[in-house]
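Engineer: The chain contents come next:
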Amino acid sequence: MALDQNEVLAGLAEIVNEETGIAAEKVQMDKSFTDDLDIDSISMMTIVVNAEDKFGVKIPDEEVKNLITVGDAVNFIVNA
Amino acid sequence: MTQRIVVTGIGATTPLGGDVKSTWQALLAGESGISTLEQEWVARFEIPVTFAGQAKVPAAEVLTPQECKRLDPSSQFALVAGREAWADAGAPEVAPERLAVEFATGIGGVWTLLDAYDTLREKGPRRVMPMTVPMLMPNGPAAAIGMDIAARGGVRTAVSACASSTEAIANAITRLQSGDIDIVVAGGAEAAIHPMPIAAFASMHALSRRNDDPATASRPYDTTRDGFVMGEGAGAVVLETLEHAQKRGAKIYAELVGGAVTSDAHHITAPDPEGTGAARAVLAALKQAGAKTTDVVHINAHATSTPVGDIAEYTALKRVFGDHLDNIAISATKSSTGHLLGGAGAIEAIFTILALSERVLPPTINLNDQDPAIPLDVVTSPRELGDAPVLAISNSFGFGGHNAVVAFKTYVA
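Chains as they are written, first to last, in the working numbering: chain A, 1 to 80; chain B, 1 to 413.
One chain only, chain A, in its complex shape:
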């Protein structure tokens, strides 16, 4: 069963908040992880691994560089 986009966004926002302290409501679909949220590559890898665990999906390393915005990540997880 496909995951719901809003649920994934909320879950991802929770992971981002836990890792970086960024308020969950700031984690929106159009925000860039690096440019808008100021998340570095080390935090990004931790977020990816935690998202894999939370949503039961596999996000290959070569895919991570394509996840520019929060929306990219949410859509990848929903469609995975």
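Hints are computed from structural coordinates only; laboratory data are not their basis. Honestly, I wouldn't trust all of these hints.
[As the list claims (entries may be wrong)] So the derived label-pair ranges between C-beta atoms look like this:
| # | chain 1 | residue 1 | chain 2 | residue 2 | range |
| --- | --- | --- | --- | --- | --- |
| 1 | A | ALA23 | B | ARG359 | 43 to 53 Å |
| 2 | A | GLU62 | B | LYS21 | 46 to 56 Å |
| 3 | A | ASP53 | B | THR269 | 19 to 29 Å |
| 4 | A | ALA23 | B | ALA150 | 24 to 34 Å |
| 5 | B | LEU120 | A | GLU14 | 21 to 31 Å |
[What the hints assert, rightly or not] In silico DMTMM-like links for lysine to aspartate or glutamate, alpha-carbon gap of 25 Å or less:
| # | chain 1 | residue 1 | chain 2 | residue 2 |
| --- | --- | --- | --- | --- |
| 6 | B | LYS69 | B | ASP19 |
| 7 | B | LYS69 | A | ASP53 |
| 8 | B | LYS287 | B | ASP323 |
| 9 | A | LYS58 | B | ASP118 |
| 10 | A | LYS31 | A | ASP53 |
| 11 | B | LYS123 | A | GLU14 |
| 12 | B | LYS69 | A | GLU25 |
| 13 | B | LYS123 | A | ASP30 |
[What the hints assert, rightly or not] Under 8 Å between C-beta atoms, here's a sample of chain A residues computed to sit facing chain B:
| # | residue |
| --- | --- |
| 14 | THR20 |
| 15 | ILE42 |
| 16 | THR46 |
| 17 | VAL49 |
We put the CB at the ideal spot given by N, CA and C, even for glycine.
Here the structure of chain A is known, so what remains is to put chain B in place on it, guided by the hints.
Structural biologist: Structure of chain B alone, referenced to chain A:
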């Protein structure tokens, strides 16, 4: 010394308190920071030693969750102590290129290292977090402080077991004497109350086994002493050239007048029974201070409460001071704090600094039956220092045959 160097800030988190003030008050009150470990792993691994000196205030109560997530516990303690010391110094304005850090640890990020290995075995390499390496490296505590205060004059880490943070303070002298640096934040941290290091220290019979009475287990110089007690935490001092401190009107605790490091090349863990290496370190620190042995009125001893270590230090002191040793008041503060390994020298330097600035010597607790082979004048209740300027030293010795000594003097303008 060509440049006079003064202490303008102090910070600590210890088994006695979460800051310098609460630690010092508890120390003067003769409290023990040692207690039974309540962690589930004590029973799970059947750890033979079931107590230690845990930090009175967990770092997680002081730092943000995100800071804790990216720092090994050793670096967390370092940051807590470093921030207190920096604020205490008045957060001095200094060119970042003229600000340095000398911050030590004995073991480094042992929690991070072993947790990551557990993760590797249980969940595979992808679950080993990318922050693992910067968290486990021994220079992590120094780097955490350096980043926090924007120190760009060099951030270094002395690693010499239980002599580490005294060596770090001695190393700071060289930096400040170079003329290139105005301020050094120096000290050390340790967070090794983990089942593996406890098991390892226990297997070499270095730890006290007084499981039924932890608060009295650390008993330097007592005939019934049976090993040291592990502690955790950190101490940090802000060291500054007198010129720089005066220019900004800083409060001055004491003057750092000497520091020296020697090595035994005798045995990897046992102290040289003749104490020659330790004696040379004391003499070298006094030489740098331009002081005579008879100038020393107080020593914060290494005194870990091991049967052989306490005697070896006495032998070294007797070698240096001869009959004058009878006139020197000795405090063995590990009796209250336990042994913070790479953080020990830093908190003991702070106790020595406070003894000079507050003019009171801290007590040694649990000394009920003094070993006749160690006839030192041990301070067992707070003892007032007179008004005259005095010189005091703090000793630290470490596995590997490391000897480090620092000398402080009452600040007189």
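Engineer: Using the C-beta atoms of GLU62(A) and LYS21(B), is the stated range 46 to 56 Å upheld?
Structural biologist: For GLU62(A) and LYS21(B) the Cβ distance comes to about 54 Å; the hint holds.
Engineer: For the restraint on VAL49(A), tell me whether the closest CB of chain B is nearer than 8 Å.
Structural biologist: With a minimum Cβ separation of about 6 Å from chain B (threshold 8 Å), the hint on VAL49(A) holds.
Engineer: Have a go at the ILE42(A) hint: is there a Cβ in chain B nearer than 8 Å to its own Cβ?
Structural biologist: holds, 5 Å
Engineer: For the hint on THR20(A), just tell me whether its beta-carbon gets within less than 8 Å of chain B.
Structural biologist: Hint holds; THR20(A) Cβ to chain B Cβ min 6 Å, cut 8 Å.
Engineer: For LYS123(B) and GLU14(A), compute the direct alpha-carbon distance and say whether it is at most 25 Å.
Structural biologist: holds, 23 Å
Engineer: Given the hint that LYS69(B) pairs with ASP53(A), test it: the Cα-Cα distance must not exceed 25 Å.
Structural biologist: holds, 18 Å
Engineer: Would you mind confirming whether the straight-line C-alpha gap from LYS287(B) to ASP323(B) stays at or under 25 Å?
Structural biologist: holds, 19 Å
Engineer: Measure nothing beyond the straight line between the CA atoms of LYS31(A) and ASP53(A); if it is 25 Å or shorter, mark the hint as holding.
Structural biologist: Holds - the C-alpha atoms of ASP53(A) and LYS31(A) are around 23 Å apart, at most 25 Å.
Engineer: Check the following: the C-beta atoms of ASP53(A) and THR269(B) are separated by a distance inside 19 to 29 Å.
Structural biologist: violated, 43 Å
Engineer: Indicate whether the distance between the beta carbons of ALA23(A) and ALA150(B) respects the range 24 to 34 Å.
Structural biologist: holds, 26 Å
Engineer: Run the distance test for LYS69(B) versus GLU25(A): straight-line Cα separation, threshold 25 Å.
Structural biologist: holds, 21 Å
Engineer: When you take the CB atoms of ALA23(A) and ARG359(B), is the distance between them in 43 to 53 Å?
Structural biologist: Check passed, 50 Å falls within 43 to 53 Å.
Checked against the numbered hints above, the structure breaks hints 3 and 13 and satisfies the rest.
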